[in-house]
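Q: Mapping of the sequence shown onto mature numbering (1 follows the signal peptide of the UniProt record, and there is no 0): residues -26 to -1, 1 to 172, in sequence order.
Worth flagging that the hints you see were computed from the coordinates, not collected in a lab.
Everything hinted at is true.
Okay, the calculated beta carbon distance ranges per label pair:
hint, residue 1, residue 2, range
1, Thr141, Val36, 41 to 47 Å
2, Val129, His88, 19 to 25 Å
3, Val129, Asn154, 20 to 26 Å
4, Pro34, Asn107, 18 to 24 Å
5, Ala133, Pro111, 41 to 47 Å
6, Ser136, Pro63, 17 to 23 Å
7, Pro111, Pro157, 30 to 36 Å
8, Pro34, Tyr11, 18 to 24 Å
9, Asn73, Thr15, 35 to 41 Å
10, Ala33, Arg106, 18 to 24 Å
We treat Cβ as the ideally placed atom computed from N, Cα and C, and that holds for glycine.
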Amino acid sequence: MRTSQKSLLLIYFASLLSLFVKFTAARTRHYTFNIDYHNVTRLCHTRKIVTVNKQFPGAPLVAREENRHGVRQLRSGWADGPAYVTQCPIQTNQSYVYNFTTVGQRGTLLWHAHISWMRSTVHGPIIILPRRNESYPFKKPYKEVPIIFGEWFNVDPEAVISQALQTGAGPNVSDAYTINGLPGPLYNCSSQDTFKLK
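Please build the complete structure, drawing on both the sequences and the hints.
A: Here it is in structure tokens:
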């Protein structure tokens, strides 16, 4: 074998090895979601809502850019989309493993349920940090706090959409907008007292 062929072969194997090292260096993260009903009180109304791990909104999924999951559905599009179209809903007492890969993505995005209006309570942030030892494309933040905007209905959101379908009107607006699951400044919920707001 000539020297140029040996050099070419060596470069080829070095390239293959670097790909292997890159793929094995990626860390797989595991999160367990227990979906269940939980009583939550907002705006002086307690409702039994569907939650993830008894949290509303759900816990953040945090990873680095090189971790093996993400949001662009590369070769896993069947696992994302409307119920009964791309995937059947996960049945009670059943489980589902969701595998997907992040490639060139970073930032904060949202995960949420895709069945009916369950997305109003089953949602949370996906936070993809830059690779280790790689700087942000802007000045590094002093602190990072995910902010999730949502809506709160004092009644079951399914009843809201059902009424809209029966009447032909649009669904009623929510009773409050929320930030991280909370409707903002609250007052004492008393039917006996009078409060003057200034």
